[in-house]
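Colleague: Taking the hints into account, I'd like the entire structure generated from these sequences.
Protein chains in written order, with numbering that gives the first Met the number 0: chain W, 0 to 248; chain Z, 0 to 277; chain F, 0 to 278.
Be a bit skeptical, because a hint or two may be false.
Said to hold, decoys possible - With a straight-line cut-off of 16 Å between C-alpha atoms, the simulated EDC-like cross-links for lysine to aspartate or glutamate are:
#, chain 1, residue 1, chain 2, residue 2
1, Z, Lys175, Z, Glu90
2, Z, Lys175, W, Asp78
3, F, Lys3, W, Asp78
4, F, Lys100, F, Glu89
5, Z, Lys175, F, Glu2
6, W, Lys237, W, Glu223
7, F, Lys3, W, Asp76
8, W, Lys204, W, Asp176
9, Z, Lys175, W, Glu54
10, W, Lys191, W, Glu164
11, W, Lys135, W, Asp119
12, W, Lys204, W, Glu226
13, F, Lys168, F, Glu89
14, F, Lys7, Z, Glu90
15, Z, Lys55, Z, Glu240
16, W, Lys109, F, Glu2
17, W, Lys135, W, Asp100
18, Z, Lys175, F, Glu6
19, W, Lys15, W, Glu54
20, W, Lys204, W, Asp241
21, F, Lys3, Z, Glu90
22, Z, Lys175, W, Asp76
23, F, Lys53, F, Asp247
24, F, Lys37, F, Asp247
Read the hints as simulated data drawn from the structure, not as lab findings.
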Amino acid sequence: MAAKLSIRQLAVAVNKRLILRGVDLDVEANTIVSVIGPAHSGKTTLLRVINRLIETQRELLRSGDVLLDGTEVRRLDIDVLRRRVGLIFATPIPLPGTIFDNVAYGPRLKARLRRPRIADLVEQSLRSAALWDEVKDRLHTSALRLSGGQQQRLCIARTIAVNPEVIMLDEPTSGLDPISTAQVENTMRELKHRFTWVLVTNNVKQAARVSDRVAFFLSGELVEEGEAAQLFTTPRDKRTDDYVSGRIG
Amino acid sequence: MVVRPLVWQRIVWVGLAAMTLFTLVVLFFIIGFITSKGAHVITPEFLFGMPERMGKEGGILPTVIATIYISLLAIAIATPIGVGSAVYLTEYTRESAITRVIRFGADALAGVPSIIFGLFGFILFVIRLRMGWSLAAGGLTLAFMILPTIIRTSEEAIRAVPYNLREVSYSLGGAKSQTIARVVLPNALPGILTGVILGMGRSVAETAATIFTAGSSLLIPRSLFDPARTMAVHFYILAREGLSMERAYGTALMLIVSILLINVVAYSLMFRLTKKMR
Amino acid sequence: MREKLIEKGLLLVAFSAVAMIFLIAYFIFREGVPLVAKVGVWDFIASTRWSPGKGQFGILPMIVGSVEVTILAVIIGASLGLSCAMFLAEFAPRWSVRILKPMIELLAGIPSVVYGFIGVVVLVPWIRRAFGGPGFSVLASAVILGIMILPTVIAISLDALHAVPPLYKEGSLALGATRWQTLYRVQLPAARSGIIAAFILGMGRAVGETMAVIMVAGNALTMPTSLLQPVRTLTSNIALEMGYASGDHQAALFATGMVLFVIIAILNTAALIVTRRRT
Numbered sequence: 000m001a002a003k004l005s006i007r008q009l010a011v012a013v014n015k016r017l018i019l020r021g022v023d024l025d026v027e028a029n030t031i032v033s034v035i036g037p038a039h040s041g042k043t044t045l046l047r048v049i050n051r052l053i054e055t056q057r058e059l060l061r062s063g064d065v066l067l068d069g070t071e072v073r074r075l076d077i078d079v080l081r082r083r084v085g086l087i088f089a090t091p092i093p094l095p096g097t098i099f100d101n102v103a104y105g106p107r108l109k110a111r112l113r114r115p116r117i118a119d120l121v122e123q124s125l126r127s128a129a130l131w132d133e134v135k136d137r138l139h140t141s142a143l144r145l146s147g148g149q150q151q152r153l154c155i156a157r158t159i160a161v162n163p164e165v166i167m168l169d170e171p172t173s174g175l176d177p178i179s180t181a182q183v184e185n186t187m188r189e190l191k192h193r194f195t196w197v198l199v200t201n202n203v204k205q206a207a208r209v210s211d212r213v214a215f216f217l218s219g220e221l222v223e224e225g226e227a228a229q230l231f232t233t234p235r236d237k238r239t240d241d242y243v244s245g246r247i248g
Numbered sequence: 000m001v002v003r004p005l006v007w008q009r010i011v012w013v014g015l016a017a018m019t020l021f022t023l024v025v026l027f028f029i030i031g032f033i034t035s036k037g038a039h040v041i042t043p044e045f046l047f048g049m050p051e052r053m054g055k056e057g058g059i060l061p062t063v064i065a066t067i068y069i070s071l072l073a074i075a076i077a078t079p080i081g082v083g084s085a086v087y088l089t090e091y092t093r094e095s096a097i098t099r100v101i102r103f104g105a106d107a108l109a110g111v112p113s114i115i116f117g118l119f120g121f122i123l124f125v126i127r128l129r130m131g132w133s134l135a136a137g138g139l140t141l142a143f144m145i146l147p148t149i150i151r152t153s154e155e156a157i158r159a160v161p162y163n164l165r166e167v168s169y170s171l172g173g174a175k176s177q178t179i180a181r182v183v184l185p186n187a188l189p190g191i192l193t194g195v196i197l198g199m200g201r202s203v204a205e206t207a208a209t210i211f212t213a214g215s216s217l218l219i220p221r222s223l224f225d226p227a228r229t230m231a232v233h234f235y236i237l238a239r240e241g242l243s244m245e246r247a248y249g250t251a252l253m254l255i256v257s258i259l260l261i262n263v264v265a266y267s268l269m270f271r272l273t274k275k276m277r
Numbered sequence: 000m001r002e003k004l005i006e007k008g009l010l011l012v013a014f015s016a017v018a019m020i021f022l023i024a025y026f027i028f029r030e031g032v033p034l035v036a037k038v039g040v041w042d043f044i045a046s047t048r049w050s051p052g053k054g055q056f057g058i059l060p061m062i063v064g065s066v067e068v069t070i071l072a073v074i075i076g077a078s079l080g081l082s083c084a085m086f087l088a089e090f091a092p093r094w095s096v097r098i099l100k101p102m103i104e105l106l107a108g109i110p111s112v113v114y115g116f117i118g119v120v121v122l123v124p125w126i127r128r129a130f131g132g133p134g135f136s137v138l139a140s141a142v143i144l145g146i147m148i149l150p151t152v153i154a155i156s157l158d159a160l161h162a163v164p165p166l167y168k169e170g171s172l173a174l175g176a177t178r179w180q181t182l183y184r185v186q187l188p189a190a191r192s193g194i195i196a197a198f199i200l201g202m203g204r205a206v207g208e209t210m211a212v213i214m215v216a217g218n219a220l221t222m223p224t225s226l227l228q229p230v231r232t233l234t235s236n237i238a239l240e241m242g243y244a245s246g247d248h249q250a251a252l253f254a255t256g257m258v259l260f261v262i263i264a265i266l267n268t269a270a271l272i273v274t275r276r277r278t
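Modeller: What follows is the structure, given as structure tokens:
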């Protein structure tokens, strides 16, 4: 069966600097794949190429293919692509407005849905993100008053509301406390059956906790990719071993 | 004689403070003078009464109405054009020849003196386009006078919206126009509104451009193409013709109060709306 | 696609500002150029006879009047304004600046006709008592204009001073200079182009001001030889006679507007060059 996401020989240069070199990576549907590596290894760029957010940047040179269900992403309508592949940013970025409006933002972009339908959608999304119980009584208060962890789960709910197939997360818990971190990780595990997750993280322990498979990047190169258990205990490449054991970082 | 630096600094401090004080004194003097001579004139009869004997007696109601109409017309025309231009400049282009040309146009427009606007408005709107002295001609002329201000404040406000908010919208599948309409503009609203309201203040104060385009009729304007006399123009005529010093002071006070009110509203609106974003 | 349409539409809207300035220039010049051609450029600019009834349109007295009044106004406004800016930037306590700045901006909100009125009612009689003459004079105009351009000069000079990198100031203070010495020897020179721009823009505003000047200048058609003589500026000329002018007379007023337009264009370009040079 074809992989959900298929990256073939992807090379990317931004502002004349080579960020990614010849990446080959397959992501199977309904799995959690972690992308690990030190800073500036191209992990964030990888995500932004997949949902084409990087195209707002000037001076982009790109070669290779990124396939979603077998279709190159550049052939898809960009807004369709971005609804199928969601992105959670490193710092939670709630839109100024109410909690309700935040979650409803995505759905409202496309269709003129009736109020009860939207309310339903908001509730389902917030439940999926394990945030419903905490906010159900204050849906119409400002989203900016939530704590960091709650805001990040709000961002997840917001993304879930547009019913994506793949959800990418860019170091989503780096600024969060351990409890919020655990909640986000739980959400990923519980919703594995609905979505495919690509998690960029510089926290090796986190990758070990949640992933099915792990991809290790170093300076724009995909060094090693494999099953989580195997990569962490018996990595094939010395560089992988150095990184996961903390000798380099 | 060599003066020790710190002593010299003291002297300079006093001098500069005196200059600043003088400036403030002038400001307070102007406002105080007008207020003292004009306050007793402000009665409901004055504000809502019709002028009699060419303004020598009676009230200033037509001018109040005219001022409100014309300033509202001016911002109604200038705001979409100004905000649209600002949106284009910030969202749709990088710095390029096109943006430089547009900015040149806006800056040049900002430097044109009001009398030239009066001349232009007269020859184009009143004569060529056959609008005659009218609210329409005046409103259009004033609209282009305040356009540069609105473009500048809107641009600043739009630029101040953090980029990552836009990225959130894009990553949820939002198109550019949707992102601008639903995320950028609502967040830039305080700044934009401030610019618009300040533009309104300028329209209220303007005389040279208004007198040659809207005319000086003392009748209450009933349509866009009726001539009208704004408060500023009325004040000028009263003062120049010496018709009624009293009423001149009263009108002047009304002018100052209106502009002050407009400025206060602008700034407090901006303050309140920015607080709502926290 | 819909997005492209929106983009093109906004481009059109954005061009309206540019279109306007060209439209204004076009109409003003279109009315004015034939008149100047008819009268002769030299006769127009250099002749001192302005008698519309007799078909004579020399604007030299107005040019000189505008120049005199403006230069004097800038001297007054610039010195006062720069002093305020310096005070606000370096010497005023922080809390006071937050009150003072809006107050000074309030000065900008007072309509020009009110300034003119105060000038007539307060300044002109005072000049008459103190110095003689009719009171309506170059001096009165210059003082009123000087005060009117204060907000512009102060705001732009303040910006220029604030734009000086704090490192310059700190370096100087670290060497033992007083705040004034630092201001005078380091910050002012560093902000020089911005301050000059402030002066030039103030000048532009003074040249373009109409209503206040009409009320206090006296509007005599003579060449002003002393500060206490009445004077007519280019702007006053236009405003005073526009109401009843027709035919050649009206065209001559447009031609006067043309001259004004050119002068202001030159001033604005100068300000641009001055500020561009530092980058």
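Colleague: Determine for every hint whether it applies to the structure shown.
Modeller: Hint by hint, here is what the structure shows:
1. Z:Lys175 <-> Z:Glu90: With a Cα-Cα distance of about 9 Å, the restraint between Lys175 of chain Z and Glu90 of chain Z holds, given a limit of 16 Å.
2. Z:Lys175 <-> W:Asp78: Holds, because 10 Å separates the two Cα atoms, which is no more than 16 Å.
3. F:Lys3 <-> W:Asp78: Status holds; Cα separation ~15 Å.
4. F:Lys100 <-> F:Glu89: holds (13 Å)
5. Z:Lys175 <-> F:Glu2: OK: Lys175 of chain Z and Glu2 of chain F at ~7 Å, within 16 Å.
6. W:Lys237 <-> W:Glu223: holds (10 Å)
7. F:Lys3 <-> W:Asp76: holds (15 Å)
8. W:Lys204 <-> W:Asp176: Distance ~15 Å between Lys204 of chain W and Asp176 of chain W Cα, so the pair holds.
9. Z:Lys175 <-> W:Glu54: Roughly 13 Å between the alpha carbons, so the hint for Lys175 of chain Z and Glu54 of chain W holds.
10. W:Lys191 <-> W:Glu164: holds (11 Å)
11. W:Lys135 <-> W:Asp119: Status holds; Cα separation ~12 Å.
12. W:Lys204 <-> W:Glu226: holds (15 Å)
13. F:Lys168 <-> F:Glu89: Given pair Lys168 of chain F, Glu89 of chain F holds - Cα atoms ~11 Å apart, limit 16 Å.
14. F:Lys7 <-> Z:Glu90: Satisfied, since the Cα-Cα distance of roughly 13 Å is no more than 16 Å.
15. Z:Lys55 <-> Z:Glu240: holds (10 Å)
16. W:Lys109 <-> F:Glu2: holds (15 Å)
17. W:Lys135 <-> W:Asp100: Holds. Lys135 of chain W to Asp100 of chain W sits at ~13 Å (cutoff 16 Å).
18. Z:Lys175 <-> F:Glu6: holds (10 Å)
19. W:Lys15 <-> W:Glu54: Status holds; Cα separation ~15 Å.
20. W:Lys204 <-> W:Asp241: With Cα atoms ~15 Å apart, Lys204 of chain W and Asp241 of chain W stay inside 16 Å; holds.
21. F:Lys3 <-> Z:Glu90: holds (13 Å)
22. Z:Lys175 <-> W:Asp76: Holds. Lys175 of chain Z to Asp76 of chain W sits at ~13 Å (cutoff 16 Å).
23. F:Lys53 <-> F:Asp247: Roughly 11 Å separates the two Cα atoms, so the pair holds.
24. F:Lys37 <-> F:Asp247: holds (10 Å)
Comparing the model with each numbered hint stated earlier shows that all of them hold.
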